[in-house]
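Undergrad: Spelled out from the first residue to the last, the chains are:
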Amino acid sequence: MKGFSHFMSGVAVASCGPWAVEAALQQNPIFFILGGACGILPDTLDFKFYRFFYKHDVYVEPDPAHPDPQMVANEVARAVQIAAKEHRYVRLKLSSIRLGADFWQQYTVRFDNVHHEVTCQFGSVVNTGQVPVPGTEDRYPEVGRAPIPAGVIQTYDSPLKVDIFDGPTAGLAPRKDGDFDLEFLPWHREWSHALTIGLFLGLIWMACCMIPALFGKTAADCWTLAWQGFVTIAGCYAIHVIEDQLGHMGSNLFFPFTKHRTEGLHWMHSGDGLPNFTAVWLSCLIIFYNLSLRQPALPPEQHFTLWKLLLYALVIPYAIFGILRWLLCLGKPPEGEKGDDADDEWNDMKASS
Amino acid sequence: MLFSTFMMALVSVVAGTLIACVLGCLPGLHIYNVMGFLVLWMLQGSLALPDVCFVAAMTGMVVGWAVMNTIPSMLLGTPDESALFTVLPGQKYLMAGRGYEGTMLTSVGTLAGAYFLLLVVAPCATKFLPISQLVLKGHMHWVLWIIITFMIMSEWPKGGNRGRAGWLKFFDAWKTLLAGLATFLLAGFLGFVLQTASPLSHDIAFQNIMPAFVGLFAVPWCLLNIISAADVPPQRLCKSLDLNGDILLRSVWSGGLGGGIAAYFPVVTGGVGGMLAGHACAQRDERIFIMGQGVSKFIYYVGSFMLLFVPGLYLTRGGGAQLLTRLYAPNGMSDYYLVLGCIAISAGISYLMVSPLSRLTLHLIGKFNYRTVSIFALVLIVAMVAWLTGWVGLFIALVATGIGLLPVLFGSRRLNCLGVLLLPIACSMSGFSPAIARFLGLD
Numbered sequence: 110m111k112g113f114s115h116f117m118s119g120v121a122v123a124s125c126g127p128w129a130v131e132a133a134l135q136q137n138p139i140f141f142i143l144g145g146a147c148g149i150l151p152d153t154l155d156f157k158f159y160r161f162f163y164k165h166d167v168y169v170e171p172d173p174a175h176p177d178p179q180m181v182a183n184e185v186a187r188a189v190q191i192a193a194k195e196h197r198y199v200r201l202k203l204s205s206i207r208l209g210a211d212f213w214q215q216y217t218v219r220f221d222n223v224h225h226e227v228t229c230q231f232g233s234v235v236n237t238g239q240v241p242v243p244g245t246e247d248r249y250p251e252v253g254r255a256p257i258p259a260g261v262i263q264t265y266d267s268p269l270k271v272d273i274f275d276g277p278t279a280g281l282a283p284r285k286d287g288d289f290d291l292e293f294l295p296w297h298r299e300w301s302h303a304l305t306i307g308l309f310l311g312l313i314w315m316a317c318c319m320i321p322a323l324f325g326k327t328a329a330d331c332w333t334l335a336w337q338g339f340v341t342i343a344g345c346y347a348i349h350v351i352e353d354q355l356g357h358m359g360s361n362l363f364f365p366f367t368k369h370r371t372e373g374l375h376w377m378h379s380g381d382g383l384p385n386f387t388a389v390w391l392s393c394l395i396i397f398y399n400l401s402l403r404q405p406a407l408p409p410e411q412h413f414t415l416w417k418l419l420l421y422a423l424v425i426p427y428a429i430f431g432i433l434r435w436l437l438c439l440g441k442p443p444e445g446e447k448g449d450d451a452d453d454e455w456n457d458m459k460a461s462s
Numbered sequence: 490m491l492f493s494t495f496m497m498a499l500v501s502v503v504a505g506t507l508i509a510c511v512l513g514c515l516p517g518l519h520i521y522n523v524m525g526f527l528v529l530w531m532l533q534g535s536l537a538l539p540d541v542c543f544v545a546a547m548t549g550m551v552v553g554w555a556v557m558n559t560i561p562s563m564l565l566g567t568p569d570e571s572a573l574f575t576v577l578p579g580q581k582y583l584m585a586g587r588g589y590e591g592t593m594l595t596s597v598g599t600l601a602g603a604y605f606l607l608l609v610v611a612p613c614a615t616k617f618l619p620i621s622q623l624v625l626k627g628h629m630h631w632v633l634w635i636i637i638t639f640m641i642m643s644e645w646p647k648g649g650n651r652g653r654a655g656w657l658k659f660f661d662a663w664k665t666l667l668a669g670l671a672t673f674l675l676a677g678f679l680g681f682v683l684q685t686a687s688p689l690s691h692d693i694a695f696q697n698i699m700p701a702f703v704g705l706f707a708v709p710w711c712l713l714n715i716i717s718a719a720d721v722p723p724q725r726l727c728k729s730l731d732l733n734g735d736i737l738l739r740s741v742w743s744g745g746l747g748g749g750i751a752a753y754f755p756v757v758t759g760g761v762g763g764m765l766a767g768h769a770c771a772q773r774d775e776r777i778f779i780m781g782q783g784v785s786k787f788i789y790y791v792g793s794f795m796l797l798f799v800p801g802l803y804l805t806r807g808g809g810a811q812l813l814t815r816l817y818a819p820n821g822m823s824d825y826y827l828v829l830g831c832i833a834i835s836a837g838i839s840y841l842m843v844s845p846l847s848r849l850t851l852h853l854i855g856k857f858n859y860r861t862v863s864i865f866a867l868v869l870i871v872a873m874v875a876w877l878t879g880w881v882g883l884f885i886a887l888v889a890t891g892i893g894l895l896p897v898l899f900g901s902r903r904l905n906c907l908g909v910l911l912l913p914i915a916c917s918m919s920g921f922s923p924a925i926a927r928f929l930g931l932d
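From first to last, the protein sequence lines are chains A and B.
Here this note's numbering runs 109 ahead of the position in the first sequence, where the first position is 1.
Here this note's numbering runs 489 ahead of the position in the second sequence, where the first position is 1.
Fair warning: there could be bad hints in the mix.
Derived EDC-like pairs (lysine to aspartate or glutamate); straight-line CA-CA distance at most 16 Å [as the list claims (entries may be wrong)]:
(1) B:Lys626 - A:Glu131
(2) A:Lys285 - A:Asp166
(3) A:Lys164 - A:Glu246
(4) A:Lys194 - A:Asp330
(5) B:Lys658 - A:Glu170
(6) A:Lys270 - A:Glu246
(7) A:Lys194 - A:Asp166
(8) A:Lys270 - A:Glu170
(9) A:Lys194 - A:Asp286
(10) A:Lys157 - B:Asp661
(11) A:Lys157 - A:Glu299
(12) B:Lys616 - A:Glu410
No wet-lab data here; the hints were simulated from the structure.
Predicted model only: the values in this text are computed from it and were never measured.
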């Protein structure tokens with residue numbers, strides 16, 4: 110899911126704690142801030158910290174002055190050769206090519222398992238909005254090709270695309286049949302997307318909250334803030350992991366006790382518009398309902414149930430939206446192009462900057 | 490009697506709309522400045538208008554502005570902060586010879602926003618918004634804090650794209666994030682100064698934030714355009730926008746949510762609404778993004794103004810509503826219907842004027858080249874600030890420009906400049922302001 114969906118889900122989970130609403134009414138926003146921050150934190154850890162420290166075996170860094178597709182193909186093939194020869198996991202980094210303040214040379218890398226080769230082709234120059242600059246499509250018509258000693262299996266049929274900001278990482282994981290699975294962004298959801306990490310961060314919070322007790326503050330007061338923060342952090346962190354588990358990629362749920370990602374439920378792609386909007390809107394409604402439960406200014410006759418709120422604010426609007434969409438599209442809504450979860454998240458994160 | 494009232498309202502709303510449409514094409518000038526002078530003249534007795542004319546004219550100005558400020562932001566690269574996110578796609582369209590298409594796409598978004606506001610929001614508003622206002626009583630402060638948290642946490646580190654893994658790469662990447670954070674804090678500091686010890690004199694207090702906004706948002710764009718302006722290619726006037734119902738609906742849902750949040754919550758501005766509109770729905774189609782920004786902008790400006798007239802709510806949000814309340818207190822369904830009718834008429838007129846005024850602007854850009862137009866825009870903006878706020882205002886704009894240039898130089902997010910509003914108000918609403926003012930020596 111997109112960052113904003115996770116963020117709002119975190120705030121919604123935080124609002125389920127009565128202490129969060131009570132504190133907010135006392136002008137203390139801490140639990141809601143914690144909720145939102147922890148809701149988005151797993152991706153923050155990956156995209157803003159961990160990826161810069163993730164070491165690679167092969168770095169492909171094309172020369173911006175003389176982009177050479179053959180060099181890229183050779184380097185990628187070399188990574189596959191290392192993996193095949195040493196029969197181990199190899200990490201490959203494809204770096205972006207910056208041409209100016211706002212321009213990037215796009216290129217794609219594709220594995221052809223029929224001909225056992227890797228191909229690289231340079232495409233258009235794109236701006237930071239990933240929009241091609243007209244007239245730059247055919248500057249490099251040649252295709253780089255290099256043989257690979259084994260097949261490289263991708264989870265979806267799409268080339269590795271490199272354009273703006275940071276380029277992707279690909280992991281080559283040995284399979285029993287001698288081929289390799291290609292893992293896109295292996296550093297993503299490796300350890301950060303684990304329920305245990307949320308608990309661990311909650312414990313750190315508790316420890317920090319108890320420190321003032323050593324210097325004379327009442328232990329009971331410290332303990333209250335400690336456990337309330339622990340529940341908020343663990344819950345809001347967990348909702349991110351759970352939401353991501355609804356997609357394809359899944360998460361490494363109980364790191365360090367589990368070593369690999371558990372495959373997701375395949376209910377949605379992380380870049381899909383409707384699930385993201387629904388998550389945001391549903392979160393808003395849950396927050397609203399939780400606030401209403403503890404709002405002294407709301408007269409009793411104006412209280413409402415969660416079901417009534419969902420009916421008026423979710424079910425009926427969605428039904429109207431669906432009917433309108435069907436009518437306006439004459440029953441055939443256009444299908445969007447879909448990548449996998451990691452590809453969606455990677456591109457959406459960069460595009461939303 | 491009824492007919493003459495109707496005619497007075499009609500003439501006033503048309504006049505207000507036309508004034509806003511013409512002024513909306515000029516870079517740098519905000520309609521709230523003009524409305525501020527209208528209110529000032531009426532307070533001083535220099536101008537007298539019947540209530541119905543005053544309300545209709547003010548509505549026309551807000552609506553006309555909400556639609557027409559698309560032109561300077563998309564074609565001249567001089568946005569007000571609500572249109573911040575339309576500048577880059579606008580310039581892309583312009584450089585691809587499709588400036589007219591980009592402008593019209595945003596305008597269709599504003600028209601869709603008008604339909605959404607009038608046909609969906611307005612009928613529900615009287616029943617649901619007063620309850621939501623009760624529920625949210627005492628909770629506005631943390632909404633600002635979580636928006637600030639999201640703004641800061643969602644920025645993408647743009648450096649660190651090459652080289653071996655390690656601290657060097659990490660610091661290279663974090664340069665942009667730290668610049669963004671510095672921008673936010675400096676803008677916030679400027680906001681504290683303007684809020685607690687503004688150097689502007691009291692008689693132009695309603696223009697307090699204007700020079701800061703001009704410096705933070707409009708001037709850096711102009712300077713960038715002047716330095717890096719490329720020749721604008723010949724522009725094509727498209728006959729169709731290649732839209733369908735799906736695109737339209739998705740634009741309305743994303744823009745409606747972002748603009749709605751911006752309109753309803755205090756200090757959350759159109760720029761934040763635009764950001765949320767972009768984030769709320771995973772939209773990769775650029776047309777949806779651009780149209781969504783149009784919807785968001787319209788809902789933000791006009792929706793916030795409309796909230797003042799909702800019976801049982803009478804919520805003052807946004808500069809337009811604040812100015813209007815100095816002279817008039819809306820009351821009852823008749824005022825609500827009056828303002829809804831004015832919005833409908835004004836939105837229709839404004840939309841019809843976008844096409845000819847866009848063509849005229851494109852003609853001028855083609856005739857004088859983009860750099861010359863940007864220089865003209867910059868001179869106009871500076872003159873406007875000097876005229877409205879004098880030397881002190883110019884100094885504030887200069888300081889703000891320094892802060893506004895940080896994102897340009899470091900490639901960080903320009904929205905961080907909104908710290909000028911968000912940080913002082915969030916602190917104020919959470920009760921931290923006096924302590925911070927003391928710490929900064931501003932009390």
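Undergrad: Which numbered hints does this structure break?
TA: 2, 3 and 4
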